[in-house]
Amino acid sequence: MKAASLSRRSAGRMQGRRFTPMNLLITMPLILLLLLGVPWLVSSPYFLDIVILMLMYMLLGMSWNLLGGFAGQISLGHAIFFGLGAYCYGFLINQHLTSVWIALASGALAATVASIPIGILCFRLRGPYFVLVTLAAAEVVRILAVNLVDLTQGAEGMVITPAFGISKTPYYYLALAFVLLELITMVVLCSSRFGYYYMAVREDEDTALAIGVNPLIHKLWAFGISAFFAGLTGAFYASYRHVIDPSVVLSLERSVDILLGPLVGGIGTLAGPLVGAVIMVSVNEGLRSLLGGAYLVAYGLILVVIVLFFPSGVLGVTQRFFTREAGGEAGKADEAA
Amino acid sequence: MIVLQVLINGLLTGGIYSLISVGLALILGTMRIINIFHGELLMMAMYLTYWLYLYIHLDPYVSVLITAPVLFGFGYVMQRVLINRVLAQPEVNQVLLTLGISMALINLFQLFFSPTYRQVRTGYSTAVLAFADVRISIPYTISFMLAFAFTFLLYSFLIRTFPGKAIRATAQDRQAAVMMGVNIATVNAISFGIGAALAAAAGSLLVPIYYIFPGVGFPFAIKAFVVVVLGGMGSVVGAALGGIIFGVVEALGSFFISTRYTDAIGLLIFIVILLVRPAGLFGRSRV
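Protein chains in written order, with numbering that gives the first Met the number 0: chain H, 0 to 336; chain G, 0 to 286.
Among the hints, a few may not be true.
Here are the computed distance ranges between Cβ atoms for each label pair [unchecked claim]:
(1) G/T185 with H/G126: 24 to 34 Å
(2) G/L57 with H/G153: 36 to 46 Å
(3) G/V76 with H/P169: 47 to 57 Å
(4) H/G153 with G/F130: 33 to 43 Å
(5) G/V69 with H/I30: 50 to 60 Å
(6) H/L31 with G/Y116: 50 to 60 Å
(7) H/G153 with G/S113: 20 to 30 Å
(8) H/I101 with G/L3: 46 to 56 Å
(9) H/L147 with G/I1: 24 to 34 Å
(10) G/L57 with H/G291: 33 to 43 Å
(11) H/I165 with G/S113: 29 to 39 Å
Hint data in this document are derived by calculation from the structure and do not stem from the laboratory. All C-beta atoms, glycine included, are put in the ideal place defined by N, C-alpha and C.
Let the hints inform the model, and build the full structure from the sequences given.
Written as structure tokens, this is what we have:
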């Protein structure tokens, strides 16, 4: 019931109810202008850092959402690709092997390449068992990263030469460009037939196979594209933070952070990860300054509350509110579901 | 000779893994839900055992009699209040709910009881039995024996008693069980309680031989996840045997490769088995 209503909602979105060409033509340049002006509007480096963090979680959230929201494969090991991208970037830069740009691209590609064997293995299992095996795979990668000291400097962490100096502004534009790139990719991908393939796989793998959609192939595609952007974000993170600590980039907490954005915003929607990233990063920073060490307790409790009371995320809640206002059939059907 | 020593150590650790995994398999079998905070149940039982030892000098092995019922109650209530509400929801919500509980519990304990490592050192903590070159740790042996006894008790309960049969019926076919008059809600809550009680027992048995800290449960939970998949998806016997095999393989691996990779070796073996037998070692169906 829930899954069906979710798919109807996201299918409606994709048919362009919201994204009509006229709307886009008017609003997009305005939004873009506003986004380009952010470094002037936000003068404090602390707040610019938070904005960059939001962009990073948008990148990761969209990446997770393609696999978890559209293709229905819940990964608790997405930090693998984030960490891999970061380490690949760090290694190439520290060995003076390539330029910054090639290193960024290599981070993304390394994650994509790694996603193929990991995907082939993990997709042998379905449903809850898939979740478990991604969790286990992430743990293996973390232990390897801690112990392969020659490659990663182990638990001490890898220190990287800064790429674009100390100012945060270039990083902001870089992250913004990546977010736009990923958003366009997701919009194009999910309004193409591939988006529908992924949803068919999510709703029922056996039926998908019966109508000629090979679940494994399409899950691997979704995994690969998802890994590409997670790896890219990882490489960006490494260039921005200059230090890679395996307990930060490869921990379970990181994998959880990645999926919190889409969860809060609305899983399986295009805008969900964007909205969710803004909310989660703000809440996270707010809690951290308010509660200090206790903020992780609140974090866990928030997760519980969202799952129990707002399982369709912020977008689901607002959408239900608006459809109820309109009093249309859709609203009633949604409530029934 | 040293290989024999490694084998025995692995076997003894495997007993504990079995006990944790069996509880997880029971929950997975009846509710089709992954309990990510299974390790935190173990952690809470370890703290409880620690306090019982500290304040009333109760032997860790005896405290099983207290920790298991307490955690049974905790599990029962958690199932009724929280888990039950997401059983009909998509699995992402189920995973995230148990994950949220896990995070909240770990950090709550960290907040109130600090991340300091604690330990209970009993008179027999370092005692060994020596046969020629092979030395067998007595507390490990006791823990193994008790773990084996609890697993056997659970097995008899599932096979012989009426509630046990109701649990198995629910695991086999939920709808058929409802039609035969099984109260699913009660079965679910009892299964969760038993799962928690087994984790608690494992926690108490670990206290004389391990450290106690808020994050202690998670690595054990990950191993239990692996064992459950290895043993064939919700099969209790599979989980019991899988736990022992996991312990032995892990011990052999860390002996022949490196102790730094102890935690990774078991998981890698798991991946290899997954390639060869996706249904698990003792399983028949994949889902």
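| said: So, against the hints stated earlier in the document, which numbers end up violated here? | reply: Those not satisfied: there are none.
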